[in-house]
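Chemist: With these hints in hand, go ahead and build the complete structure from the sequences.
Residue numbers (the numbering used here), protein chains in the order written: chain R, 1 to 407; chain P, 408 to 523.
Please keep in mind that the hints were generated in silico from the structure rather than gathered at the bench.
Please note that the accuracy of each hint is not assured.
Claimed, not checked - Only some residues are given here: those of chain R computed to face chain P with a beta carbon under 8 Å:
1. Ala118
2. Ala121
3. Ala165
4. Gly166
5. Ile167
6. Asp261
What the hints assert, rightly or not - Label-pair ranges, simulated between beta-carbon atoms:
7. P:Ala437 / R:Asp6: 54 to 62 Å
8. P:Arg519 / R:Gln306: 56 to 64 Å
9. R:Asp6 / P:Pro515: 29 to 37 Å
10. R:Ala39 / P:Ala445: 56 to 64 Å
11. R:Gly252 / P:Pro515: 43 to 51 Å
12. P:Glu482 / R:Leu321: 42 to 50 Å
Stated by the list, open to error - Within a straight-line C-alpha distance of at most 20 Å, the following computed EDC-like cross-link-like pairs (lysine to aspartate or glutamate) qualify:
13. R:Lys160 / P:Asp497
14. P:Lys484 / P:Glu458
15. R:Lys160 / P:Glu458
Every residue gets a Cβ at the ideal spot worked out from N, C-alpha and C, and that includes glycine.
Each chain, written out:
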Amino acid sequence: MDDVEDVFHAEYGRAVSVLIRFLGDIDAAEEAVQDAFTAAVQRWPTTGLPASPAGWIVTTARNRAVDRYRRESTRAQRQAEAALLHAWSQSVELTEAVEECAVHDERLRLVFTCCHPALAAPAQVALTLRLLGGLSTPQIARAFLVPEATMAQRLVRAKKKIRDAGIPYRVPHEADLPARLRGVLAVLYLIYTEGHSASSGEELVRADLCAEAVRLTRSLAELMPDEPEVLGLLGLLLLSESRRPARTSVEGALVPLSEQDRSLWDRPLIEQGQEVVRSCLRRGRPGPYQLQAAIAAVHADARTAQETDWRQVLALYDHLLSLAPSPVVALNRAVALAEVQGPAAALAVIEALELPGYPPRHAVRADLLRRLGRWEQARLAYDQAITTAGNEAQRAFLTRRRDELEA
Amino acid sequence: MTQYLLSVIQPVGERPAPEAMARIGADVAALHEELRAAGAWVFAGGLHGPESATVVRVGGDGGQEVLLTDGPWIEAKEHLGGVCIVEAADLDAALEWGRKAARATTLPIEVRPFLG
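Modeler: Structure follows, in structure tokens:
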């Protein structure tokens, strides 16, 4: 039944976070929420959707958890727990959480738990997708191309560390918030980029991961509407997502921005993205995600590649480089520089960059050499780029470019 | 409340200059005072070097004989320089003590919860 599926996607994270708050245990909360959705699959087709599906799920999950505790506890434990459960089910907070669900949104606490810096980055990503996105362990394993057992173990370990080490369910204090929020945004960005440009394998775009990253970022933007960098990330993801239909050819090869059929770009997403970018930049607290989003917005404004306002793009990259200097940003800035000052100026910048083992550097260098007519060096650079490319789609594109040099 | 072990990870051999050591000693003493004032204090102490260690093992003969070996249980580039046990509400609070300890000792600190 599609309704249950929709409610699952929309409400799983919310329900799990509410149940974790009141059960104090992730596994018990997941189990209870899954029980509730199983009940929904059986019941909703005949009864129809309840007035508040989210409230129904949370209430049912709570009741299932109570039943389970009763069933699994011994008589001795039962009396002590009965008192506890009674107090718990009568608690004002829980009643509010069940009835209004959205008022006390527990998801925000859970986001910061999942993305706690005491957990390794892969564990943060997996937990976020699992607990907030409701993705199953096999789904996450497939998305990150690791064996299911590996992913299961990663999740078990992460949950155990949360429990044993006492990682709190809490939105960090103001002093810690900027750094902790950067960690959360990095996880969401990582989920998107993994979906957008698979680091290995044949499929360039794993759309489900992209969609999940956008969904999670939208939720975070609703939960933290006053954080411009959250909006910045949302704008960046929406604008990147708008180009997805044009990003691969029918044969599955990568199509670079300059050659994309812009009529395939998703206009409603562009409008949403640009609106988000405008609203965050208005606050006058620019950050790395807002600037990258602004760059994407400039590209989205150009109806053809030739109409791109490269001066604007270059100015934004200059700003970005001053805020968040990195060789990767410098490389992207060089691409804009090539359009404003010509390929020779850009090549000089790139040759000075220390980026060993970063495949895009070879590709950019190859392109600049090609444009300068230095065929032999261009061919060598393409060979390097092809050898180091992360996926088939990129390899196909680079091979085509190299072969065009022959002609 | 949970108890957490803060282990000072010290490189073997290197020791700071005397005046730096004096500053570290003062900073660590100040941290101990702060722990006591906050009610987080359980225990803290520095250790002699790994060369002062002796490992005790029960032998394979049903525990009749005890084997002693001179030196630490593992030779490594780093060793346990000292420990501090704190009482903290959660990992964030324990990590905050860890940060202070890392600043005071100028060394990395491992933060780890006790069982139960």
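Chemist: Taking the least C-beta to C-beta distance, is Gly166 of chain R closer than 8 Å to chain P?
Modeler: holds, 4 Å
Chemist: Less than 8 Å between beta-carbons is the criterion; does Ala165 of chain R satisfy it with respect to chain P?
Modeler: holds, 5 Å
Chemist: In this structure, is the beta-carbon distance linking Arg519 of chain P and Gln306 of chain R contained in 56 to 64 Å?
Modeler: holds, 60 Å
Chemist: Please check whether Ala121 of chain R passes as an interface residue: C-beta within 8 Å of a C-beta belonging to chain P.
Modeler: violated, 17 Å
Chemist: Restraint: Asp261 of chain R near chain P, CB-CB cut 8 Å. Satisfied or not?
Modeler: violated, 50 Å
Chemist: CB of Asp6 of chain R to CB of Pro515 of chain P, is that within 29 to 37 Å?
Modeler: violated, 48 Å
Chemist: Between the alpha carbons of Lys160 of chain R and Asp497 of chain P, is the straight-line distance 20 Å or under?
Modeler: Holds, because 14 Å separates the two Cα atoms, which is no more than 20 Å.
Chemist: Between Ala437 of chain P and Asp6 of chain R, is the Cβ distance one that fits in 54 to 62 Å?
Modeler: holds, 57 Å
Chemist: With respect to the beta-carbon atoms only, verify the hint that Gly252 of chain R and Pro515 of chain P lie 43 to 51 Å apart.
Modeler: holds, 47 Å
Chemist: Lying within 56 to 64 Å: is that true of the beta-carbon distance Ala39 of chain R to Ala445 of chain P?
Modeler: violated, 47 Å
Chemist: Using 8 Å as the Cβ threshold, decide whether Ile167 of chain R counts as touching chain P.
Modeler: Since the shortest Cβ distance to chain P is 5 Å, the answer is holds.
Chemist: Can you tell me whether the CB distance of Glu482 of chain P to Leu321 of chain R sits inside 42 to 50 Å?
Modeler: The hinted range 42 to 50 Å holds for Glu482 of chain P and Leu321 of chain R, with Cβ atoms some 46 Å apart.
Hints 2, 6, 9, 10 and 15, counting from the list given before, are not met by this structure.
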